[in-house]
Amino acid sequence: MKKVVAERNDVVFYIKHFPLVDLHPEAYGVHKSIACASTDSQALLLLEKAYDHKDIGKPECESTVVDESIRLGQSLGINSTPTVILQDGSRIMGAVQAGELVKAMIEAAGKQASR
Amino acid sequence: MAIALSLVSMLAACDKAEKEPSAEMSAARAQEILAGFIPEVKVISVRESQVESLHEVVSEADGKKTIAYISSDGKSIFAGNLYDVASGGNVTKNRFEEINRVDFSAIPREGAIAMGPKTALNKAIIFTDVD
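Line by line, the protein sequences are chains A and B. According to the numbering used here, the first sequence is numbered sequentially starting from 1. According to the numbering used here, the second sequence is numbered sequentially starting from 1.
These are calculated hints, taken from the structure and not from any lab test. These figures come from a predicted structure and were not determined experimentally. Certain hints may be false.
Residues from chain B that keep clear of chain A, each with C-beta distances beyond 10 Å, as calculated [stated by the list, open to error]:
(1) P39
(2) V85
(3) G89
(4) N100
(5) M115
Quick list of the computed label-pair ranges, beta carbon to beta carbon [as the list claims (entries may be wrong)]:
(6) B:Y83 / A:G29: 24 to 34 Å
(7) A:K2 / B:Q31: 26 to 36 Å
(8) B:Q31 / A:A98: 39 to 49 Å
(9) B:I99 / A:Q112: 55 to 65 Å
(10) A:K58 / B:E60: 14 to 24 Å
(11) A:K111 / B:G80: 25 to 35 Å
(12) A:D67 / B:A86: 42 to 52 Å
(13) B:S76 / A:Q42: 13 to 23 Å
(14) B:G88 / A:E62: 46 to 56 Å
(15) B:D84 / A:I106: 25 to 35 Å
Each residue gets a CB set at the ideal place from its N, CA and C atoms; glycine is no exception.
All chains should be modelled from the sequences, with the hints used to inform the complete structure.
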């Protein structure tokens, strides 16, 4: 995804916290730490470190962002990660190649525009 | 053993129902039939499928939606993909995508980490877990 964003300026990914707390109880704390970042770029740095299983420290703020995000995901019936929601409301479950994802995003955006 | 007994009693009840003129599959009846397999299931909708005597039932259990087809006589459940011969399309898969469709613009961006320019026309929301 980093590569995609570096190579083109017509795509944007909104990453929402959705630690599967039943399967990965520790991920909850990690996501809370990331949510404390004050800027998106800082958050992305922490996210990358976390994906590499590096320690990013305990959460340094009080925030309900992660809880709200989990509630939102559950209300949408999301139960696995990653789950991508496209602009036409459809979803992709599981990891996909960046190129395929971008293609799907452009297709979904096109469908939305023609509605 | 308990499941076999409940199935037998369900079938017995269906035999009685067959004597009454009813080609309809009500949500309540579908609920009863499916609950024999998934006790906590909740039926969301029942409608005709493109197959005569098979009713499409959308149900939910454990936060997940499922599509199954129940025969009018209540004796059979088909859980799998229905294909349309003329179009070659996977009817069940298409319907599944339809019932899972969400309103993209209604999903709040607050709390999400933006990766890329927010003015970009091609957007996606990714629910992720670092583990």
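Comparing the hints with the structure gives:
no., hint, verdict
1, P39, "19 Å, holds"
2, V85, "25 Å, holds"
3, G89, "15 Å, holds"
4, N100, "6 Å, violated"
5, M115, "4 Å, violated"
6, B:Y83 / A:G29: 24 to 34 Å, "46 Å, violated"
7, A:K2 / B:Q31: 26 to 36 Å, "47 Å, violated"
8, B:Q31 / A:A98: 39 to 49 Å, "43 Å, holds"
9, B:I99 / A:Q112: 55 to 65 Å, "19 Å, violated"
10, A:K58 / B:E60: 14 to 24 Å, "37 Å, violated"
11, A:K111 / B:G80: 25 to 35 Å, "28 Å, holds"
12, A:D67 / B:A86: 42 to 52 Å, "48 Å, holds"
13, B:S76 / A:Q42: 13 to 23 Å, "57 Å, violated"
14, B:G88 / A:E62: 46 to 56 Å, "55 Å, holds"
15, B:D84 / A:I106: 25 to 35 Å, "27 Å, holds"
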